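S.K.: If you want the building blocks of each chain, they are given just below.
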Amino acid sequence: MLFSTLGLSCFWCHNLEFKGRDIVSIEDFIQTEINHILDVAKSMEPLAKGGSELLKGKILATLFFEPSTRTRLSFESAMLKLGGNVIGFAEPDASSTRKGENLADTVRTVENYADVIALRHSLEGSAKLAAEFSKVPIINAGTGSEEHPTQALIDLYTMRKESGKIDGLKVALVGDLRYGRTVHSLAYALALYSVELYLVSPETLRMRKDVLATIKSKIPVTENANLEKIMPQIDVLYVTRIQKERFPDAAEYAKVKGAYRIDLKTIEKAKKDLIILHPLPRVDEIAPEVDNTPQARYFQQVWNGIVVRMALLSLVLGAVE
Amino acid sequence: MLFSTLGLSCFWCHNLEFKGRDIVSIEDFIQTEINHILDVAKSMEPLAKGGSELLKGKILATLFFEPSTRTRLSFESAMLKLGGNVIGFAEPDASSTRKGENLADTVRTVENYADVIALRHSLEGSAKLAAEFSKVPIINAGTGSEEHPTQALIDLYTMRKESGKIDGLKVALVGDLRYGRTVHSLAYALALYSVELYLVSPETLRMRKDVLATIKSKIPVTENANLEKIMPQIDVLYVTRIQKERFPDAAEYAKVKGAYRIDLKTIEKAKKDLIILHPLPRVDEIAPEVDNTPQARYFQQVWNGIVVRMALLSLVLGAVE
Amino acid sequence: MLFSTLGLSCFWCHNLEFKGRDIVSIEDFIQTEINHILDVAKSMEPLAKGGSELLKGKILATLFFEPSTRTRLSFESAMLKLGGNVIGFAEPDASSTRKGENLADTVRTVENYADVIALRHSLEGSAKLAAEFSKVPIINAGTGSEEHPTQALIDLYTMRKESGKIDGLKVALVGDLRYGRTVHSLAYALALYSVELYLVSPETLRMRKDVLATIKSKIPVTENANLEKIMPQIDVLYVTRIQKERFPDAAEYAKVKGAYRIDLKTIEKAKKDLIILHPLPRVDEIAPEVDNTPQARYFQQVWNGIVVRMALLSLVLGAVE
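Chains as they are written, first to last, in numbering that gives the first Met the number 0: chain X, 0 to 320; chain A, 0 to 320; chain U, 0 to 320.
Keep in mind the hints are simulated off the structure, nothing from the lab.
What you are looking at is a predicted structure, and each value in this text was computed from that prediction instead of being measured.
Mixed in with the good hints there might be a few duds.
A pair counts as met if it fits within one copy or between any two copies, since identical chains are not told apart.
Keeping only pairs whose Cα atoms sit at most 30 Å apart, straight-line, the calculated DSBU-like set for lysine-lysine is [as the list claims (entries may be wrong)]:
no., residue 1, residue 2
1, LYS134, LYS41
2, LYS41, LYS18
3, LYS41, LYS127
4, LYS134, LYS164
5, LYS127, LYS217
6, LYS243, LYS256
7, LYS18, LYS127
8, LYS18, LYS48
9, LYS134, LYS270
10, LYS164, LYS243
11, LYS271, LYS18
12, LYS134, LYS264
13, LYS217, LYS270
14, LYS55, LYS18
15, LYS134, LYS55
16, LYS270, LYS41
17, LYS270, LYS18
18, LYS271, LYS55
19, LYS271, LYS134
20, LYS48, LYS127
21, LYS134, LYS160
22, LYS254, LYS169
Throw the hints in and build the complete structure from the sequences for me.
M.R.: Printed below as a string of structure tokens:
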């Protein structure tokens, strides 16, 4: 079900009505809605620890056409903690796609088996297409280099929980801003708040033009920022992996892969209450020595993935308002 | 447990006793039994929507040695909707088969972990072999080019639900009748009813001789039918995929793959109440423009997969009579 | 949580306190503890048949970086029979490892999704490493050629159940004693009891020196035993697969693969109450004709895997004392 395809401003959508809704792009949400999702996520914390029957009898299908540990297992754990169940596949080779089935048919099949679908796919636009064909809500679990809206919600939740607020934060996005789908969704989301944004990346991995145009019209953005210089001012250091698998050219990858490695020296002059986030997995972007600093919050971020996804599943299935 | 290996007519089997029984071949069933399965499937419709605890505490193992979206996820959804649980694998590489284990040993292992096993395998006879060794019921979820009995039951259920009857129908089977396991099982099943059958296929993909001999002894069969000519008379158009993966020769595949493509023009002169079925996945056999015609029922067919498999699981586990 | 890393004798561990404990190596246990696990396993027999809610709301993550039918499905079945749920992956390709994530990060991620982790990995030491980083209990489900402690517990449980005792048994370990992780764990475990051990293997597959040194200091061990000669005396014939996948050299494998094949002739002079065990999968080491002898107990051994793993899960999660 895709309301944005009507080309309307979707009054219904902005009425804090989430039942039956797709989570395709972070751009489909206004700030009030995002705040509501974060509030519901907070209310899920005790259920995530103690268990719940909120979605008893409901089935989540996880259709992962690209590999994932975190996102898939986190969706599955969230669904199970709500008393629901899970079916799905973890890679396209175990599915009918190998026999030539298109995504629209896969979706019109699986909607008969499940009450909600979490989709990861290598193609941009695939979540939107799936939503157009599906009778049950589609949750975008990462599409190509484009978007990863649930990760952006987790990032916002972590900022609010760990820094106590979102408005007023100075946030640096570091690493691969071109192919990294999480930073695209996060940039869109942050642009809904009063945030100052600093972009730090190798020249070849600068933020996508379309994303940049959107966010610059809303919040102050410093492109090509010098990490050392801004370190003493920033509140959030958001580090991303240089994604080998998105590079068309291996030589290009080799040139930039170690460009921004965060170690103890990098954060020497940081604020005491700086928080360091990373959507994970990481390879070399953050040295292990950083893991035990009070600033490191990327593993707390993982936990937050559970409660945010519990909130989204409960909302689109109408189990909470 | 395989009663048919006794070479007896199996009085027990025909006594509408399903508990502990294997579902290996559609040929093991008489019409009364099939009708009973379809009746039980109908009684599952409300449970498929509202949930149930009928198989609480029971475990289904899905052993899929060949890829599948539909069949595996549909069995799993059916089991979960009945309150049961699922273990299994979606491809042989993740199993001990890679270490050289034979199927008999795999079955004698898994019977300790599960109450019922759904098996998909590339080898003909594998479901029968598994049933010979297993202490728990084996459900054939597709074996080689041979049989796919649960799909045939879904097809019958769909005909009865959508056309209101099975006896009296004129059914055309179109496409790959040689390698397509679903049409073999379906042909056997239809031969138990008063049905007129039309076979439409490229010369190299004509119906297997052994299947043909059996069905011709029971019902009127028109081989090598002209699709255009029979279109105004038929009640059911059953289309199948030309299965690339079953062809020994790629050139042979290329020659026939587009042989019978159903589009709006093809069904121009069809009856109003014709129904078009397809076991899915489809590649090019049915044009997307057909999806929105009132005749298209292949996605309803997918839903019917849930209730038919719920019926089979409940029957062989003795949860319903 | 790894207490042994403290370098202490771990008073706490030997106090029959299992809650929160890792199952990394059989060497971490004293006999009293093993006996307790076997007692708890015995108390799980009715629950394995009738179902239970002992671990309702708990989640097991099965992280299998190497293929497995038996161990993974058996852990999953055990967890489901206790009313818990399961998430996980069956092979590394479907995980973030493909993106370069290290095991420590994977564990620190998954501990947020699950209450206990069962880990299979090709690297020796991986379970220990995982336990060092994990906040939730790690159960070693097989690491490299090193250890497979839960299999050893199953073997002991089977001996006690089928032979009525462990102390006093004469046990022959046959086959690949070099690369076979199950025999390493089993040898350590047997050395805690009053057992006589006979080692039978090709010259190139003799028992690892480190394991040998440990067990020889505790119990009588006959190396390089002649199978035919000892057959009339032994109580347990423990056969293992020559594991092709652990051999660096294919020619070396070809030389020894059929070295010790057990058939009816081999056991002609065996005791009436000999029991034949095998951790499975088998390839050619035991002829199928042996399967129906009263001595064959390897498929009973499979069932015992369920109750032993139910016991371990319940113990480390604190559901039983």
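S.K.: Against this structure, judge whether each hint is valid.
M.R.: Comparing the hints with the structure gives:
Taking the closest pair of Cα atoms, LYS134 and LYS41 come within 30 Å of each other both inside a single copy (29 Å) and across two copies (22 Å). With identical chains, the CA atoms of LYS41 and LYS18 are at most 30 Å apart both within one copy (19 Å) and between copies (29 Å). When the C-alpha separation of LYS41 and LYS127 is checked against a cutoff of 30 Å, the pair qualifies only within one copy, where the shortest distance is 28 Å, while the shortest distance between copies is 34 Å. When the C-alpha separation of LYS134 and LYS164 is checked against a cutoff of 30 Å, the pair qualifies only between copies, where the shortest distance is 29 Å, while the shortest distance within a copy is 36 Å.
With identical chains, the CA atoms of LYS127 and LYS217 are at most 30 Å apart within one copy only, with a shortest distance of 25 Å there and 50 Å across copies. In this assembly of identical chains, LYS243 and LYS256 lie within 30 Å of each other by CA distance solely inside one copy; the values are 8 Å within and 38 Å between copies. In this assembly of identical chains, LYS18 and LYS127 lie within 30 Å of each other by CA distance solely inside one copy; the values are 18 Å within and 45 Å between copies. Taking CA atoms no more than 30 Å apart as the test, LYS18 paired with LYS48 passes in both settings, with 25 Å inside one copy and 17 Å between copies.
Taking the shortest alpha-carbon separations for LYS134 and LYS270, only the inter-copy value of 29 Å comes in at or below 30 Å, while the best intra-copy value is 48 Å. For the identical chains of this complex, LYS164 and LYS243 are neighbours neither inside a copy (34 Å) nor across copies (56 Å), given an alpha-carbon limit of 30 Å. For a Cα distance limit of 30 Å, the shortest separation of LYS271 from LYS18 qualifies neither inside one copy, at 41 Å, nor across copies, at 37 Å. Proximity of LYS134 and LYS264 under a CA criterion of 30 Å is satisfied inter-copy only: 28 Å between copies versus 52 Å inside one chain copy.
Taking CA atoms no more than 30 Å apart as the test, LYS217 paired with LYS270 passes inside one copy only; the shortest distance there is 26 Å, against 59 Å between copies. Taking identical chains as interchangeable, the C-alpha atoms of LYS55 and LYS18 lie at most 30 Å apart whether they share a chain (16 Å) or sit on different chains (28 Å). In this assembly of identical chains, the alpha carbons of LYS134 and LYS55 lie at most 30 Å apart whether taken from the same copy (20 Å) or from different copies (28 Å). With identical chains, the CA atoms of LYS270 and LYS41 are at most 30 Å apart within one copy only, with a shortest distance of 26 Å there and 57 Å across copies.
Taking CA atoms no more than 30 Å apart as the test, LYS270 paired with LYS18 passes in neither setting, with 41 Å inside one copy and 40 Å between copies. Neither within a single protomer nor between protomers do LYS271 and LYS55 lie at most 30 Å apart by alpha-carbon distance, with minima of 44 Å and 42 Å respectively. In this assembly of identical chains, LYS271 and LYS134 lie within 30 Å of each other by CA distance solely across copies; the values are 26 Å between and 48 Å within a copy. Only between protomers do LYS48 and LYS127 lie at most 30 Å apart by alpha-carbon distance; the minimum there is 26 Å, versus 33 Å within a single protomer.
With identical chains, the CA atoms of LYS134 and LYS160 are at most 30 Å apart between copies only, with a shortest distance of 22 Å across copies and 34 Å within one. Proximity of LYS254 and LYS169 under a CA criterion of 30 Å is satisfied intra-copy only: 29 Å inside one chain copy versus 63 Å between copies.
Of the numbered hints stated above, those contradicted by the structure are hints 10, 11, 17 and 18, listed in ascending order.
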